[in-house]
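Q: Each protein sequence line maps, in turn, to chains A and B.
Residues in the first sequence are numbered consecutively from 1, following this note's numbering.
Residues in the second sequence are numbered consecutively from 1, following this note's numbering.
None of these hints come from the bench; they were simulated from the model.
From the three backbone atoms N, C-alpha and C, an ideal C-beta is built for every residue, glycine too.
Just so you know, nobody snuck in bad clues.
Covered by chain B, according to a simulated footprint, are these stretches of chain A (three or more residues, beta-carbon under 8 Å): (1) 118–124; (2) 532–540.
If you want the ones that stay clear, here's a sample from chain B, every Cβ over 12 Å from chain A, calculated: (3) 8; (4) 93; (5) 96; (6) 98; (7) 128; (8) 131.
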Amino acid sequence: MERKIGVYVCECGPNIAEKVDIDKVVGAVSSLDGVVVVEKYKLLCSADGKKFLEEEIKKHGITHLVIAACSPKQHEKTFMEVCENAGINPYLYQLANIREQCAWITEDKDEATKKAIRLIKAAIGRVKYHSSLEKKEIECNPAVLIIGGGVAGINASLELASPDRKIYLVEKTSSLGGMITNFEKTYPSMQPSSHILKQKILDMDKNENIQVFIDSNVEEIIGFFGNFEIKVKKKEVDEPAEFEVGAVMLATGSNFFDLKKTPQYGYEKFDNIFTALEFEKMNLSGEISLKNGKTPRSVAIIHCVGRDEKGYCSEICCMYSLKFIRYLKDKIPDAQVSNFYSDLCIPGKSYQKFYEQTKGKNVDFIRSTNVEVTKKENKLSIKYIDENGNKNSLLVDMVILAPAIEPTSDVSELAEIAGISQGDGGFFAEEHEKLNPVSTSTDGVYIVGCAQGPKNISDTIVQSGAAAGKILASLIPGKKMEIEVKTSHISESFCIGCKVCISVCSYGAITFDEAKKISVVNEVICRGCGNCVAACPSGAATSKHFTFKQIHQELLEAVK
Amino acid sequence: MTKETEKFEPRIVGFLCNWCSYAGADLAGTSKLKIPSSLTPIRVMCSSRIDPVLVTTAFLHGADGVLIAGCHPGDCHYDKGNYYARRRFAVLKKVIEGLGLESDRLRLSWVSASEGQRFAEVINEFNEKIKKMGPNPIKVKTSL
Ligand SMILES: Cc1cc2nc3c(=O)[nH]c(=O)nc-3n(C[C@H](O)[C@H](O)[C@H](O)COP(=O)(O)OP(=O)(O)OC[C@H]3O[C@@H](n4cnc5c(N)ncnc54)[C@H](O)[C@@H]3O)c2cc1C
Ligand code: SF4
Ligand code: SF4
Ligand code: SF4
Ligand code: FES
Chain A
1 MERKIGVYVC ECGPNIAEKV DIDKVVGAVS SLDGVVVVEK YKLLCSADGK
51 KFLEEEIKKH GITHLVIAAC SPKQHEKTFM EVCENAGINP YLYQLANIRE
101 QCAWITEDKD EATKKAIRLI KAAIGRVKYH SSLEKKEIEC NPAVLIIGGG
151 VAGINASLEL ASPDRKIYLV EKTSSLGGMI TNFEKTYPSM QPSSHILKQK
201 ILDMDKNENI QVFIDSNVEE IIGFFGNFEI KVKKKEVDEP AEFEVGAVML
251 ATGSNFFDLK KTPQYGYEKF DNIFTALEFE KMNLSGEISL KNGKTPRSVA
301 IIHCVGRDEK GYCSEICCMY SLKFIRYLKD KIPDAQVSNF YSDLCIPGKS
351 YQKFYEQTKG KNVDFIRSTN VEVTKKENKL SIKYIDENGN KNSLLVDMVI
401 LAPAIEPTSD VSELAEIAGI SQGDGGFFAE EHEKLNPVST STDGVYIVGC
451 AQGPKNISDT IVQSGAAAGK ILASLIPGKK MEIEVKTSHI SESFCIGCKV
501 CISVCSYGAI TFDEAKKISV VNEVICRGCG NCVAACPSGA ATSKHFTFKQ
551 IHQELLEAVK
Chain B
1 MTKETEKFEP RIVGFLCNWC SYAGADLAGT SKLKIPSSLT PIRVMCSSRI
51 DPVLVTTAFL HGADGVLIAG CHPGDCHYDK GNYYARRRFA VLKKVIEGLG
101 LESDRLRLSW VSASEGQRFA EVINEFNEKI KKMGPNPIKV KTSL
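In isolation and in its complexed conformation, chain B is listed as follows (with noise of 0.2 Å):
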């Protein structure tokens, strides 16, 4: 490893669902797991506020990682939100990659209220993840 990996630390943004995924981060926290600083959490009433705008705005303003995390399939509070989130991610994956982007940078994730177990695992796998590969090119790009 280079020393430039070494002490590179992920920005990764995470929209999460009020009623699921946010209630899924919080439980993580109840039960004291363990998940890196490198997220920020932004919370949204329901996956389908996520915009691709946001997206990738996240992208150029040098997020290393975005994930998208809502109510498992059927489970969305607002009937079939989830359902247009998961449509509007395979577009953006296109974008993101036209961003010269890899579009693994961009996650999407269900995690339930009940899930803080699973919460840990995605963001410490997502995190590991967005380690290998490095930071943001279009971030480092700009910042020459």
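One chain only, chain A, in its complex shape (with noise of 0.2 Å):
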């Protein structure tokens, strides 16, 4: 087919001609081989802009299109659109940068045309080298798996259920509701934790859309974003339930920190010491009492336990710790409190005045160092070092110690599953701790609540909405997924089998075909990054739209 390129050069109003000669460069890549016209434009972005450019492709039997105005952040799809409306397809087209690039960071007119003028003569060595590529749909399938039956897991299933979106909830214990259910009340409202769970449980055993699996464990994940293919087994069931989801979220929340890391605090070797979940429950019970029956007239709460150990602060447990001063005050009015912390974590619009409201008489905030924990007579002694850099030590009953939150005993097998990564402390890793804090690496498979990292509920069921959000735009009943259409390919004659593509894919894009001996991509999986291509030693992988070609020509101008 004979090429022909057109070439269009954008003035942008003032913000590129005021800069760049334009008429010089339209003159200097005029006659280069293969172009049949270049024109320029005032705004090529404006709606008579495009039109023009969709009739200019038209009349002059355009093949292949240059575009030089601004970056492609701001409108390469706008022109991708126009090549489509024209009839080319919309990778025979490249734009040149020269807006960003050139006009704006180039202090001399002259120097900035010239190198408009390089930047345009290297978009249109490139094109000739690009080749059409077809828009890539798959079917997928629109149902969920969610793995962790708690808070997180329970609001992403009530919100993600339809008549046309399956959910399959899977919980490793025999009951829904996770860490929440010890509690009697939450933070900062202090309203009973049945107010947040016991409605949504009833509405999930109502919902036909969802179906529980209790005392489950996923065996398997296979597949990718749209169509993963699941395993799930049931405790004494031999047979493991099968089904297919189009995505698939981690809600397993966390664990507590070893306690027998840190034995300056006695706990297993006193009587009266408590964990923070052992204390929720004796709350929740109904009465705080000491081993012998007697109500505790002084209660110590040990703040940051594991924290120095772990290398982080695990966010909540300040908080909940000043809602056992609640408790105890609400049910031991006159009980002395002390708490032993390091810094005090209460951020936010709300938990300054929870603070305030806790503070008063008979609580005190310690802030201390070396805290120990021993036996002195039938009391417990804490032993600390004060602010001030003085050794001290106190007398109470009873002591509560709240330790660092951490990543469930499973996480790593179950990141093996999910094919995704661990990250800071071991929790199941983001893909962008900002800008994507609730994908992960693998296309589809979702963290959220504290198996992400420890958190409030509010948070927690921010995080399971954002994620559910994400697959409902994303995974559309009825509607095919568009997928990456730059991908990498192999070519079956260069492979030499040596698999080194295999080992630095961080997506699992590349088989290894067996009988032929050879690595095959993934065109559904692969994300188009290009390092197989850099790191094949045999030139047998290959970038579609970033070919070796397509970069050298522009290399091969870039140092005229």
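Fit chain to chain and form the complex, with the hints in mind.
A: Quick look at the structure:
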């Protein structure tokens, strides 16, 4: 096919024209091989501009299009649409960025003009080597697997379930609700925690689009976004249940720091030392008492247990410790409560107020280090170093320890099954801490709640809502999913089967064909980073739209 | 300064990853910072796409400097691409020396999408350095 390249140079009002001599640019590229038309235009992205381009493409029978304008981040897609409307493949086009990375950064007009010419020549050289790429779409299953039936998993199930979207919720224990079923009340509202859960669990039961598996574990997740195959094993049942979903959400919560690693707090050595969870349960049972059945008159709450060992602040311990003061004051109004803390973590718009309301008579906050618990007669003795560096001690009846929050014991196993990685503190790693905090490196696998890191109930709900929103927006019942077109490809005849590409791909997009002894890219999974292409020693792997030849053409102009 | 070096206008190839460094370069533009026109940016999806052949080809064609710029460690859009880029960069430095070039003609920098200022600094600094080094000796040889 004869190549007819059309080049259109945008003035962007004064934005480009002020710094680049547009006429000179037009003159410099007009006679290049393959170029049939070069025109300038005031504002190419305007409605008139797009119409003009469409007509030009048709009028001149343009096969390959070069636009010199702003950054591809601004209008690459705009002109791809113009190509489609004009009937040429949108990948037979290249955008030269002569605004952000030329006109706007170059002092001298002459220099800017020369650079613009260089960038446009590079684009012309490149576009000659472009190939048509076809849009790819796959059928997808709108169903969702949610692992973990705590508040995160329950909330997401209810947000997502609908007649055309089935939800499978897998919980490893025998009941739903997770951690908060142990609490009488929740901070900061101090409303009964059943207010949050009871209705939701009833709604779950009623919802016929939600199937709950209790006493079950997920054994296998294979496939990719839109099409995952799942195996779930229920305790004491031989055959696993098998079903298909389009997305997976991990809402498996967290675990507590192992107190054996901090013997200085005397846990399990002396009576009347409780973990936060044990204290929640005792309080829920209605009575706070010592082992001998008596009511404690003085209680110490030790914050930050295991914080140094873990190397992070668990966010929620200070707040639930304040909640414990409330529990104690409700049930034993004259009890003396002493808090041993290293830093108080009470962020946000309502926690400071909660703290102010909790402080008061018979409540102490002692900033301390080197805290140690021993027994003295029938009491517990807290030894510590205070803020001024002085050694001190205090006798109490009861001690409550607030241990750090850490990942669940099966976190690595689950990360392996779901094909995602672990990040800070061993928690599941987000795709990007700021930009994509609920997605993971595997498309279609999301992390929410304490499985992603320690957090309170509100943040847990926000996250599970965010992940549900992502799924609702991308896995639409009856609609195919558009997937990356600029994937990599491995040539059967060049591949020597060394598997280097497989080892560098972060997404498991490449598999080995044992029969042919070559590697094969699954283009549904491939994200098109090009890492395998750079790694391949035999030149068998290529990046569509970022081929060696295409980049090489740009290089040639860059060094002229 | 001799007349030769006064006239010397380096040619610098900048491979910029789409998600961070290219966006950072755009931001330098929107912030109207000044960047020497010796730089020709080439957009790639990730710094891990840059294979040693592309870089050596650039030098053999006469590039005076080559910059590979990607996201900061931990921020690569494709998980670990920039770690691979960093490993290849270390090997490439040796290869370039083997070609008889100063290894400082190849530079690897992390520039995020919000670091327009940093992008401008990196390029200005690199440009000055290359200017001091003078033209790529391979280019000089082959043009003789
Ligand atoms: C002592 C204490 C007091 C707290 N008090 C408050 C408070 O007053 N207010 C507040 O806002 N926040 C409080 N929090 C924080 C709150 O508990 C969490 O924000 C919330 O529980 C997080 O919900 P989740 O669904 O992520 O995890 P969880 O509630 O821990 O639920 C996780 C669920 O997943 C299940 N699971 C785990 N692994 C698997 C697996 N492999 N397969 C299947 N299922 C699995 C678990 O059995 C559990 O049911 C407190 C935390 C603690 C520790
Ligand atoms: S296409 Fe880009 S360069 Fe042209 S007018 Fe629109 S914004 Fe300006
Ligand atoms: S281009 Fe990237 S995502 Fe695709 S197969 Fe290669 S390494 Fe994997
Ligand atoms: S790295 Fe290249 S040669 Fe080796 S298996 Fe992969 S595609 Fe084949
Ligand atoms: S995407 Fe920027 S370095 Fe990988």
